[in-house]
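Participant: Put chain B on the given structure of chain A with help from the hints.
Residues per chain, in single letters:
2 protein chains.
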Amino acid sequence: MKAAYLGPEATFTDIAVQSIFPNVERIAYKTIPECLEAVKEKKVEMAVVPFENALEGSVHLTVDYLYHEENPPIRGEIIVPIEQHFMVHPAQANDWQEVEKIVSHPHALAQCHKFLHHEFRRATIEQMTSTAAAAKFVSEHPELKWGAIANELAAQQYDLTIVKANVHDYLFNHTRFIALSYEEIDAKASSTLQKSTIMVTLPADRAGALHQVLSAFAWRQINLSKLESRPLKTGLGNYFFMIDINHPIEDVLVQYALKEIEALGCEVKVLGSYSSFLVK
Amino acid sequence: MKAAYLGPEATFTDIAVQSIFPNVERIAYKTIPECLEAVKEKKVEMAVVPFENALEGSVHLTVDYLYHEENPPIRGEIIVPIEQHFMVHPAQANDWQEVEKIVSHPHALAQCHKFLHHEFRRATIEQMTSTAAAAKFVSEHPELKWGAIANELAAQQYDLTIVKANVHDYLFNHTRFIALSYEEIDAKASSTLQKSTIMVTLPADRAGALHQVLSAFAWRQINLSKLESRPLKTGLGNYFFMIDINHPIEDVLVQYALKEIEALGCEVKVLGSYSSFLVK
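Residue numbers (numbering that gives the first Met the number 0), protein chains in the order written: chain A, 0 to 279; chain B, 0 to 279.
The following block holds chain A by itself, in its conformation from the complex:
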């Protein structure tokens, strides 16, 4: 089985794939839409893309693409702890405190704001397209006094020296990735939680419609683990809602709730019913 993932090699998405699907052939793509299109065009059988980060919120590109386009179903979610390390080229390892420039993805730089502010007040900060791209650049320029913030896999992949581990400000940061495929997927890990994700568009201009939707779940004691709004792109104040249900979609109570929500005039799109995997 081939899996498209948001590359380059050694991104957090790559960690998600390697942890849960060790036997797939991994193929890096540059953007989230390209990963999803690769599955739709049958170039690969699975796509793994980031979906939500505990600090930054949803990955809008993924959410909007899933709402506006037809896609393969979500077959699994993979929750990866985000641990950022400060790394330099081995040639610079003794003088790492004198680095002049630090490169990484904008989110990683934001997540390590306190570390950067306290340890590297005079260094220049520069954004790159991914933590892995930053690590790669540093590895290719041993002559520069540059450092990268990236994960452990990137340090291994690009032969960099981690001179300070765990430089992220928040200890409980996680990112949630989703695996999408038209086929059943075969995960290495075991899961105890089955979830479903739906997107609901409310009828225009009816006050209280969201309350009705939540009522349909509440009186059935169906537990929702997430409710998030996104703009519909049709005008200020128009949203769709992404809802995570902690039950398989085949559950009779869930099926009846969805049918009633549609009967109330809402549009419902089921993104998938899947297992949740946690990477240790």
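In short, the hints are calculated from the structure, not lab data. Cβ atoms here follow ideal geometry from the backbone N, Cα and C, with glycine treated the same way. Treat the hints with care, since some could be wrong.
In the BS3-like style, the derived pairs of lysine-lysine whose C-alpha atoms are separated by at most 27 angstroms in a straight line are [what the hints assert, rightly or not]:
| id | chain 1 | residue 1 | chain 2 | residue 2 |
| --- | --- | --- | --- | --- |
| 1 | B | Lys225 | A | Lys258 |
| 2 | B | Lys232 | A | Lys113 |
| 3 | A | Lys268 | A | Lys39 |
| 4 | A | Lys113 | B | Lys29 |
| 5 | B | Lys113 | B | Lys163 |
| 6 | B | Lys42 | A | Lys225 |
| 7 | A | Lys113 | B | Lys39 |
| 8 | B | Lys29 | A | Lys100 |
| 9 | B | Lys113 | A | Lys29 |
| 10 | B | Lys163 | A | Lys232 |
| 11 | B | Lys41 | B | Lys29 |
| 12 | B | Lys232 | B | Lys39 |
| 13 | A | Lys39 | B | Lys268 |
| 14 | B | Lys232 | A | Lys225 |
| 15 | A | Lys232 | B | Lys225 |
| 16 | A | Lys232 | B | Lys279 |
| 17 | A | Lys29 | B | Lys100 |
| 18 | B | Lys113 | A | Lys232 |
| 19 | B | Lys144 | B | Lys113 |
| 20 | A | Lys39 | A | Lys1 |
| 21 | A | Lys225 | B | Lys100 |
| 22 | B | Lys225 | B | Lys258 |
If you only want the chain B side, here are some residues facing chain A, beta carbon under 7 angstroms, derived [said to hold, decoys possible]:
| id | residue |
| --- | --- |
| 23 | Phe171 |
| 24 | Lys187 |
| 25 | Leu213 |
Have a look at the derived ranges for each label pair, beta carbon to beta carbon [what the hints assert, rightly or not]:
| id | chain 1 | residue 1 | chain 2 | residue 2 | range |
| --- | --- | --- | --- | --- | --- |
| 26 | A | Leu192 | B | Lys144 | 53 to 61 angstroms |
| 27 | B | Glu82 | A | Glu97 | 17 to 25 angstroms |
| 28 | B | Asp185 | A | Phe136 | 47 to 55 angstroms |
| 29 | A | Lys113 | B | Asp158 | 48 to 56 angstroms |
| 30 | B | Met0 | A | Leu263 | 46 to 54 angstroms |
| 31 | A | Asp158 | B | Glu40 | 46 to 54 angstroms |
| 32 | B | Glu24 | A | Glu33 | 48 to 56 angstroms |
Facilitator: Relative to chain A, chain B alone:
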């Protein structure tokens, strides 16, 4: 009265201020937190910052700052239509179709994706910190074959020639700005709508709490014009909700609803009760 706004001169925030508060002294600040801190430190009496865009969604920096910090109340919202134009230095106006590089804010570039894709396939696209900064840069480099995407005020301010007007893909795009102040504000425009904005944090691990909150509004027929989630930054799946109420906060029914929501174990933060202004 002095007003801090997200600068430089001729941003869309500047348009919001000039349209509704023509008599204030405008002072440009570089970031949203600096605008809000200027009011708290009494350097100015009012701050005007972007809050939500119809295509991109909430401005997370503003929302998160209002949630996590103490702030002056919101006294007004200003809704500005977003119209983007393609402009060049007058020295390049005859050869505008040959521009080699196009600069603007990332959101403006995204909003004009179709135009750029069809008309300027071979030109390089470069991000700048604001549409106004892009216009300023082009105005200072008459020798470069560069163009900027920015608003009409920026073209006037920096003496650029609009060679193609209204190059944005979506016609109904608006941005919502908020004016915050410890004092009453004096708007030039008249408003027919009074709104209130609150932020609600649900009690941890109680299924159905959001349903209870919405029920408290629904049975009282209190109309909510917006409900949006944002991560609490305490772990995946923990959110607070921003809710817009189409009633003044003093309304008896609103007051009772808020008291009950607090009695249910929710934290409620009132951001303000204010007039809504529409810029034509």
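Participant: Tell me, which hint numbers fail for this structure?
Facilitator: Of the numbered hints given earlier, those the structure breaks are 6, 13, 21, 24, 27 and 29, listed in rising order.
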